[in-house]
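Trainee: Here are the chains, one letter per residue:
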Amino acid sequence: MVLLLMLVISSPDAVYLEHKAVLDCSRPDSGYIETTTEIIIPLTARGVQRYAEISASYRNTWESLEVTASISHWRSGRGDDQAIISEHPHSSLLADGRLESTLREVLIEFPGIEIGDTLKVSISRHIRRLPMEDYYSYTFFAASRDSIHRGVFRVLWPPSRGLQIHTEGEFEEWSYSLDNVENIIWESGPQCHVPLLPFSPDPASISPCISISSHNPSEVSSGLYRILDENCMVDSSQTIADSIISIAGDQPADLCGWVSREIEYLSGNLGDDPGYSPRNPVETLETHSGVCRDRAVLLLWLLRRAGHSPFAILTSVSSNTSPLPGSRSFDHMLVALENSEGDTLFLDPTNRFSTEGYTYTLRGWRYLPLTSPGSPSAYFPDESAGDLLSIIVEGSLDESSTTISGRFSVTFAGAADELFRSMLAGVEPSSRNALIERLFGILPGAELIVEGDPSALDEPLLIRGTGYWKCALADNGDSLFLIIPGLEMLDLVSSRAAAFILPEFRQDIYIETPYTARLSMLITGIPSGIPVIPEAFESPRYSIQITQTADNVLEMNECIILDPAVPDENQLADLRTGMLASLSSSFRTVIFRQ
Amino acid sequence: MKTIIIISIIAASAAFSAPSSISYYSVAISLHQDTLHKVIEVRGVQGADRLLSRISRGFNPQTQSVRLERAVFGTPEGESGPIPPWAVDTLTGTGGWQRALVTAFPALREGMTIDYMISVKDWSNNWDKGIWAVLSPFVKGIRPDTCIFSLGGDMLDDLHWEGTGYNVSAAGGIIEFTASDSSDALVVSPFRTFGELENFLLRDASIILDSAYPPDLREAALQVTSAGADQYAQAVRARSLLCNSINPSPVVRGADVYSVHTLQEILDSRNGTPLEIALAYAAMCRELGMEADILPAGSAISTVIPIPDEWTRILVRIVSGDGYEYFMEPSAFLTSASFIYRPDTLYYITEGNFRIMPPNDNHDNRLTEEWCIDIIESTFSLSIESSGWYDLMLRRRFAGLSYQEQILSVSQWSWISGRTVIPDSLSISDPFDLGSDMTLSVYGRLWLPSDARTYAEILPFLDWAKPQNIPDQVSRSWILTGVTDLTACDSYFIDFQDDLIVLIDTLTVTSSMPVIFTR
Chain A
24 MVLLLMLVIS
34 SPDAVYLEHK
44 AVLDCSRPDS
54 GYIETTTEII
64 IPLTARGVQR
74 YAEISASYRN
84 TWESLEVTAS
94 ISHWRSGRGD
104 DQAIISEHPH
114 SSLLADGRLE
124 STLREVLIEF
134 PGIEIGDTLK
144 VSISRHIRRL
154 PMEDYYSYTF
164 FAASRDSIHR
174 GVFRVLWPPS
184 RGLQIHTEGE
194 FEEWSYSLDN
204 VENIIWESGP
214 QCHVPLLPFS
224 PDPASISPCI
234 SISSHNPSEV
244 SSGLYRILDE
254 NCMVDSSQTI
264 ADSIISIAGD
274 QPADLCGWVS
284 REIEYLSGNL
294 GDDPGYSPRN
304 PVETLETHSG
314 VCRDRAVLLL
324 WLLRRAGHSP
334 FAILTSVSSN
344 TSPLPGSRSF
354 DHMLVALENS
364 EGDTLFLDPT
374 NRFSTEGYTY
384 TLRGWRYLPL
394 TSPGSPSAYF
404 PDESAGDLLS
414 IIVEGSLDES
424 STTISGRFSV
434 TFAGAADELF
444 RSMLAGVEPS
454 SRNALIERLF
464 GILPGAELIV
474 EGDPSALDEP
484 LLIRGTGYWK
494 CALADNGDSL
504 FLIIPGLEML
514 DLVSSRAAAF
524 ILPEFRQDIY
534 IETPYTARLS
544 MLITGIPSGI
554 PVIPEAFESP
564 RYSIQITQTA
574 DNVLEMNECI
584 ILDPAVPDEN
594 QLADLRTGML
604 ASLSSSFRTV
614 IFRQ
Chain B
664 MKTIIIISII
674 AASAAFSAPS
684 SISYYSVAIS
694 LHQDTLHKVI
704 EVRGVQGADR
714 LLSRISRGFN
724 PQTQSVRLER
734 AVFGTPEGES
744 GPIPPWAVDT
754 LTGTGGWQRA
764 LVTAFPALRE
774 GMTIDYMISV
784 KDWSNNWDKG
794 IWAVLSPFVK
804 GIRPDTCIFS
814 LGGDMLDDLH
824 WEGTGYNVSA
834 AGGIIEFTAS
844 DSSDALVVSP
854 FRTFGELENF
864 LLRDASIILD
874 SAYPPDLREA
884 ALQVTSAGAD
894 QYAQAVRARS
904 LLCNSINPSP
914 VVRGADVYSV
924 HTLQEILDSR
934 NGTPLEIALA
944 YAAMCRELGM
954 EADILPAGSA
964 ISTVIPIPDE
974 WTRILVRIVS
984 GDGYEYFMEP
994 SAFLTSASFI
1004 YRPDTLYYIT
1014 EGNFRIMPPN
1024 DNHDNRLTEE
1034 WCIDIIESTF
1044 SLSIESSGWY
1054 DLMLRRRFAG
1064 LSYQEQILSV
1074 SQWSWISGRT
1084 VIPDSLSISD
1094 PFDLGSDMTL
1104 SVYGRLWLPS
1114 DARTYAEILP
1124 FLDWAKPQNI
1134 PDQVSRSWIL
1144 TGVTDLTACD
1154 SYFIDFQDDL
1164 IVLIDTLTVT
1174 SSMPVIFTR
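One line per chain: the protein sequences are A and B, in this order.
Read left to right, the first sequence gives residues 24 to 617 (this note's numbering).
Read left to right, the second sequence gives residues 664 to 1182 (this note's numbering).
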């Protein structure tokens, strides 16, 4: 019955009859050819919408695409149509501030698409050379947000060249040699679709996959060190570096903050490999602009001049970095150094909000340190114990307006600090108060002070002020019932998580921002009568307790633990129990018997 | 220049923090035969808001070209120079523009100046009656110190304009408008009557509508005649058919405003602009034996001067065989076929005449929201019936979502409303069937059951975020079982029945309300 229900409620937008990738790497001197072939049938209205137009991106500086695509209409008389193929600068460039029209997007439009039509798409990517250095890698995913009937991954590889292979999940594998070329073939069976829902894991993170590469991570680390670090350093402008250090300070966080503030996020079609090769620090300073790699290189240069020993690290923020990375595997560069205790200190001059030096979404993900002798992949620390949101309210009850008015303060740490900094910095200063009122359930018109610039990591973020919160009062003649507002109202982020996690149709949950939310509320001016205090509720991930601390004073302490990011079955059950309790007024209701 | 920039970077922290300002803004438009030329100049000072770091100009490469004539930036000390070559690029545009010429001023600190000029050539067929434009005296939300619009070239004699606060002068075949501090948009148009505008906007569509139709259109029309539907029902079914079959495509800016694909092309591509969808719909209705005309419409008609920009909606007027007249908006995606959304007066042009369609009244927008709550089990069932604006919101909230996403959508909606409920299952009418009003049923849980005999809870409700200018009729009620007594605030009418209690919202509450149950 459960299986039947899952089949009914969980239908994919499309099915891939064939999902195939062939990598011809047999002649690396003359480049690589990656050919993907997909046969897709859209099954729903959204499937039609998603597949009416699909895109493939490429860099015209070092590769080209050859696309053939057609649609077979199931409706009699409509026959087959060729897809309409057009090419444009990539649509993400304008919004991202990247003047890199060398990044192209091929749009494949299927005319007159209907549910049940069959789409055939073949894309051959001719890679003349790889950006920066000849470190080839590729990852084949067997599952996706749509279901896949059959997956085939085939690699043609010269026997004289080493091949690294990493497999996750079940594949059938065989190989043979033909014309002095190794043919290795993996096949995967039918794969259910992985629904793409809020608070669900990324399909790529749970899909069976195969990664292959021409070099091991240490070789890639050493080779890219020369290109991205050693070759970018300049000796001629040390007086400029000294001037910056004298203004910004010589500590790593100071210099990182200076680069983050002063270098505008902007790129252009610069260098041999736009989007990959960074400018040297002086060029970045001259143009007052750069992307993550330019900023990271500038920071490396300044840190070394200030007497530190930093090293660059490469990672991917869009999905976890492949265990076998190559030249194309990374979309972000930051800086790290060892502190006196031997711990790694991360510095990200592109992230203005994370006090940890890397965004919390990278926790537990791989990165590659770039060092002269070469280093293996490492993992960002996955520690969430310090993720905290603490709300303190001290107010008095006004029965006539059914409000609690008073002072409040909010402090942040870890992931909560980064999240709220980014939200506050993301709105115009004139809209900031309205955002804070909404986030913390405050009635409009509060007097609020934000201490610390949300974009300045050296300034602790604190929100304080005075405001009004709606509470609920009901009188049945015998007693007055006071429902005290809880985290459900005062922390919009955790209550949003509850709304998405509580429906029980799924067990795979990914908590976007893990943190512990604590609410302490002190209320004076409580109604007359004999108070009946509710029993405390305590579970592994939620607790609430109300006490009467003086004649006229109630204190409520509530805590919910949204942690870890990927809870196991028992942790999820505990979390759901706690979240349901947080929605229940009975634990927050004090009855005043008349 | 490089040294100056680096020094200014190093000394940056001490810079002032004034907003950006525009000292000079001009737009010179001239028509030469069939090509429109436009020269745009901007000079200004960068502020703390860094609004002038980048300037983007959208264009359509099929009909327009844009050339950067000048992009110079300078320091307050007087040094200046051109931007580096890499700081100009042609990217994919947004907001209907196919492309955008993006100019970045990469080292532009606060207090530094910019001097920017582009020229645009437009060889679309939009100008054969003369120049038309709506010119705003603001750049990036900033009112310039000096703002000059000038018109020149061919067909100047036919132009007329409207706009307050402009000093107008004419010399050497050029009309110049200098804005003042109180200026609003300047509207320029060659169209003197609404009939002229209607003919211009519909000139391609009218020809196609009056020509022979392709067999595919007749087949599509036949699909809506089944089951003996009368002509109104056929018109409604035709709306659903097009909504299900034709993907609304955005209007491409810079293209000919009146251009449409042929009916066969529209049907084959399954894509259509609002005008193309209206054309296909009117042709289907004609094929079904009805009289059908396409009407340009708009609600934000700010001027008495007819100009194409303001007529953004397209209606179809149908007259059935028995003489009844109906209005439909075929491109209104996921909107009940019988409903034309108009919180304000809607204007339309028919047979050269300017006409008014009054705003929706409260009977158009109805909602019934009924909650059945089992207090002992802490479960609920919710039943919603809707029409008009409520129907539209329900369709757009749920259309295209998987069942799991629909569950989460209800949960998210209740969270936004301030009282999270936990849906376990739901059923919903077909959002793509535009002939029947939307209904929704949800079953789920509310809170942890309590052992107490008497306790208080917050009743669930849904916040529809309805704009205040939309009149409506709302019936919201809660049917409670498992309770013997109940206390609620005066906003509710309480009806005690044999084994249940009904609460009726009498004041259309806008937030969740507490009640006291006794089991």
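There may be inaccurate statements among the hints.
Among the chain B residues that face chain A by a calculated CB cut under 7 Å, a handful are [to be verified]:
#1 P739
#2 E740
#3 G744
#4 W749
#5 T1147
#6 T1150
Keep in mind the hints are simulated off the structure, nothing from the lab.
For glycine and all other residues, C-beta sits at the position ideal for the given N, C-alpha and C.
Trainee: Confirm or reject each hint.
Mentor: Right, here's what the structure says about each hint:
no., hint, result
1, P739, "16 Å, violated"
2, E740, "16 Å, violated"
3, G744, "12 Å, violated"
4, W749, "3 Å, holds"
5, T1147, "12 Å, violated"
6, T1150, "4 Å, holds"
Checked against the numbered hints above, the structure violates hints 1, 2, 3 and 5; every other hint is satisfied.
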